[in-house]
Amino acid sequence: MSQKIDQDHSRFRKIVRGKIKQNLRKYMSQGELIGRKGKDKISIPLPQIEIPRFRYGDKSQGGVGQGEGDEGDSLGSEKKPGQGGDAGDLPGDHSIEVEVTFEELAEIMGEELELPHILPKGKKTLVTRKDRYKSIRRTGPESLSHFKRTFKHALRRQIAMGNYNPDKPVIIPIREDKRYRSWKEEAIPETNAVIIYMMDVSGSMGDEQKEIVRIESFWIDTWLRSQYDGLESRYIIHDATAKEVDRETFFRTRESGGTMISSAYKLCAKMIADHYDPQEWNIYPFHFSDGDNWSVDDTNLCIRVLNEQLMPWSNIFCYGQVESPYGSGQFLKDLKEKIGDKDERLITSEIKGRDAIVDSIRTFLGKGK
Amino acid sequence: MMLPPYLYDIQKAIEVHAQKFGLDFYEQVFEILDYKTMNEVAAYGGFPTRYPHWRFGMEYEQLSKSYAYGLSKIYEMVINNDPCYAYLLEGNSLVDQKLVISHVCAHNDFFKNNYYFSKTNRKMIDEMANHATRIRRYMDRLGVERVETFIDVCLSLDNLIDPMSMFIQRAPRPQPRKRRTDDELDEPERGPRRMKLRAKSYMDKYINPPHPEQTPEEQDEEQQRQEAQERMPRFPVRPVRDVIQFLVEHAPLESWQRDVMEIIREEAYYFAPQGMTKILNEGWATYWHSKIMTTRVLDDSEVIDYADHAAGVLGGRFLNPYKIGVELYRHIEERWNTGRFGKEWNECDNLAHKRNWDRQLGLGREKIFQVRAIFNDVMFIDEFFTEDFCREQLFFTYGWNERNAQWEVQSRQYKQIKEQLLNMLTNFGSPHIHVEDGNFENRGELLLKHRHEGTDLRMDWARDTLVNLYKVWRRPTNLMTKVEGTGKLLTFDGKEHAERDASVE
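These protein sequence lines map, in sequence, to chains G and U.
Under numbering that gives the first Met the number 0, residues 0 to 368 are what the first sequence spells out, in order.
Under numbering that gives the first Met the number 0, residues 0 to 504 are what the second sequence spells out, in order.
These are computed hints drawn from the structure, not numbers from a lab.
Given the structure is predicted, the values throughout are model-derived calculations rather than measurements.
All C-beta atoms in this analysis are idealised placements derived from N, C-alpha and C, irrespective of residue type, glycine included.
Do not rely on the hints blindly, as some may be mistaken.
Unchecked claim - Cross-link-like lysine-lysine pairs, in silico, DSS-like; alpha carbons within 27 Å at most: (1) 269/G / 177/G; (2) 3/G / 35/U; (3) 35/U / 13/G; (4) 64/U / 3/G; (5) 25/G / 72/U; (6) 36/G / 72/U; (7) 40/G / 64/U; (8) 13/G / 414/U; (9) 18/G / 470/U; (10) 417/U / 18/G; (11) 38/G / 494/U; (12) 64/U / 38/G; (13) 64/U / 36/G; (14) 470/U / 40/G; (15) 494/U / 40/G; (16) 13/G / 19/U; (17) 35/U / 38/G.
As the list claims (entries may be wrong) - One side only, chain G facing chain U, incomplete, derived with CB under 10 Å: (18) 5; (19) 7; (20) 14; (21) 52; (22) 55; (23) 56; (24) 354; (25) 357; (26) 358.
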């Protein structure tokens, strides 16, 4: 049933959307949204949506309470406690948290950053079929018999035939009354895009650098997820050797070894070869590093792996060079020199700090591939 | 949806009990709503026919979310109207419905008999529907966006009213004077200026040549006299608390804007008595539902559920209007039953004697009926929040401790607690702000003044509100207040904010 409030509600959502859009750059350069992630919604704090009035400052006010406790005892650090009451009560001084779906967030992000939609490669979409019980048939096995429907039909028939006695309500279903649950085949689109994140965790990558990678990966996830029915993420960390880890470890690990980027690229190539047929999958490797590779030889090896395996297989291959306290390395320059414009699937971006995150994301995702 | 017959019978039975206790209420119409509709109606402040505005949508989303997460549930809603409309939530247990019906009878009695409600519109449901129609018509004509934005501006000012003006004849209002528009300001004032003919500025010195016999000193003098004359009389003659009314009368508004602002003002005044009597009203309703339930309505099997519910409503460590209200009424009843009041009681300092004090007056019931008829929250606390009561009920004040970043119990001193309570209740906990000058600096600017009573304003909101005020006044807006002990004058001139020190007495 449509309600009168729906109109006001959609006005409110529109305002929320506008506010998020307005503040998107701020959200994108500060990691504050990441901790507020749910399964398919995200909660966003919006401080400015309430109507301003001349009011007292919140904390300077204090109040009166009731109960045990000595002077100086703690009452918690929550926002000013609600005072329990009806609607139309004094307006509270809380900032508002709104929930938006990732889909909505990605849409807002797409509009604000002017990201083109992605044309998935390959015509066929991968689909599995699954049976679901969602309809009714007149025939079927007894184990699937639908008691309520059967009863209703029997009752209806008996009343119509005039042999229903309200004082002695005995219902006897006959064959024609029987109803059975039945299934339908449903097509469920299967995951058909994979992001493979690779990150340099050598000693020169500090916490701030990792935070930048974390924020970027959140927004990349959000965008790509809105573009594909299903999305898988894999994580590889490397110093001189590479290994696959889960998401939590990915952002937390800190090693002190040297850097051999080729190790990660090789592992990535192996991963794709083993699990993700490039004919069917849209593959997105992202690599973040400070660009301080161990040796020229290793860099050459990297470029060979890229040219021969990773790039031909992937939709795009993104390399983000995060500036570390020790400066920016050579790797970005090498990549540009050796591959450069020859292959447009290679996208590189230099991320100097948090403010550069937005532009870097636009560089990565701006091609629509 | 109308009540099902079994609930209707219960309603009638409870009403009879309530009337026997002496409650006197408007005819009651109960409706039963599912939670969605309940949230909708609650978002509209109880009126299903309100004008469209996004904040109702926001309220609705928050109510729905908090209901979905099981954090809160609206049991009951009751509208001050004749007949009195009240809503029950579908699917509540029978005990809860009985409790709510009893509760509503008492609210209704309060609406009808408390003095502060005596000036409210008892056909508010119809009035709200009219408001909605008017606002919709403006929206159709001018676009939703434009009207809604202006409503936002009005709402931002809707606590700047004078709730007591309904009961007091303030000094006679100054005759509405047309405010000069910007264009006119550039022209010379048309006033009782001596020996001066109207002239365009470039012709002025020919048409009004300087008086040949006047020395320059004399000319200066005359100019000063003219300026002094211009500044008089002060505008407004005396400070105006009803800022919204002042704006309606004097701000350069289009007619639809004036109408919208009047609507917002009217609704603010309608809701004001509910803010003024929160404790008294909730306490009254709680007192009576508990009396009616426990002595008349409950059957044995329902006692536990009832107690459970009551504990939920009356719990919590922070100020709970239900709790403090009902306890105060009981305290008063007890005092007047036993005669613990008056000169003799106050002057007695024999504690043992006082403990067993009982004059068997039995005036308690009569007294609380009197209290509900003529008191508001501030008077209620001021009069009856005694030291004994404060101690028995374990009240304390709390405050924010910056160092530990937490709320802490601050004091158990009776004087401080009472002071804090009264501070919170005065003017609904809103700051006192009035129009000081409508022609500030002799430049048509608006000056509001905050009567500082120890608590600073929230500055970011104050600035935003000045911006909204500017949208109405269309000349720079100023607010005089104090920040951390020093007087400040905040100004918004249409482009940017300024702040300078000012002396505030």
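For each hint, the structure was consulted:
1. Restraint check for residue 269/G and residue 177/G: the C-alpha separation of about 57 Å exceeds 27 Å, so the hint is violated.
2. Between the alpha carbons of residue 3/G and residue 35/U the distance comes to roughly 11 Å, so the proposed pair stays at or under 27 Å and holds.
3. About 21 Å separates the Cα atoms of residue 35/U and residue 13/G, which keeps this hinted pair within 27 Å; it holds.
4. For the hint pairing residue 64/U with residue 3/G, the CA-to-CA distance comes to about 18 Å; that is within 27 Å, so the pair holds.
5. Between residue 25/G and residue 72/U the CA atoms are separated by roughly 35 Å; this puts the pair beyond 27 Å, and the hint is violated.
6. Taken as a hint, the residue 36/G and residue 72/U pair is honoured in the structure, with Cα atoms around 26 Å apart against an allowance of 27 Å.
7. With a CA separation close to 13 Å, the supplied pair residue 40/G and residue 64/U stays within the 27 Å bound.
8. Between residue 13/G and residue 414/U, the direct Cα distance comes to roughly 49 Å. Violation of the 27 Å bound is thereby established for this hinted pair.
9. As the CA atoms of residue 18/G and residue 470/U are separated by approximately 21 Å, the hinted pair is consistent with the 27 Å bound.
10. As the CA atoms of residue 417/U and residue 18/G are separated by approximately 42 Å, the hinted pair breaks the 27 Å bound.
11. Distance restraint check for residue 38/G and residue 494/U: the Cα-Cα separation of roughly 44 Å exceeds the 27 Å cut-off, and the hinted pair is therefore not satisfied.
12. Distance restraint check for residue 64/U and residue 38/G: the Cα-Cα separation of roughly 16 Å lies within the 27 Å cut-off, and the hinted pair is therefore satisfied.
13. For the suggested pair residue 64/U and residue 36/G, the alpha carbons sit about 17 Å apart, so the restraint of at most 27 Å is met.
14. Taking the CA atoms of residue 470/U and residue 40/G, the gap is near 37 Å; set against the 27 Å cutoff, the hint is violated.
15. Note on residue 494/U and residue 40/G: the hinted pairing is violated, with a Cα-Cα distance of about 38 Å set against a maximum of 27 Å.
16. Of the pairs offered as hints, the one joining residue 13/G and residue 19/U is violated, with about 53 Å between alpha carbons and a cut-off of 27 Å exceeded.
17. Distance restraint check for residue 35/U and residue 38/G: the Cα-Cα separation of roughly 24 Å lies within the 27 Å cut-off, and the hinted pair is therefore satisfied.
18. The beta carbon of residue 5/G comes within 8 Å of a beta carbon in chain U, closer than 10 Å, and the hint placing it at the interface holds.
19. Interface hint at residue 7/G: satisfied, since its Cβ lies 4 Å from the closest Cβ of chain U, which is below the 10 Å cut-off.
20. About 6 Å separates the beta-carbon of residue 14/G from the nearest beta-carbon of chain U, less than 10 Å, and the hint is met.
21. Below 10 Å, beta-carbon pairs count as interface contacts, and residue 52/G has one with chain U at about 5 Å; its hint therefore holds.
22. Taking 10 Å as the C-beta cut-off, the interface hint given for residue 55/G holds, the closest approach to chain U being about 5 Å.
23. About 4 Å separates the beta-carbon of residue 56/G from the nearest beta-carbon of chain U, less than 10 Å, and the hint is met.
24. Violation of the interface hint for residue 354/G is found here, the shortest Cβ-Cβ separation to chain U being roughly 24 Å, above the 10 Å cut-off.
25. Hint status for residue 357/G relative to chain U: violated, with the closest Cβ pair at about 26 Å, above 10 Å.
26. Checking residue 358/G against chain U by beta carbon gives a least distance of about 30 Å; that is not within 10 Å, so the hint is violated.
The structure shown violates the earlier hints numbered 1, 5, 8, 10, 11, 14, 15, 16, 24, 25 and 26.
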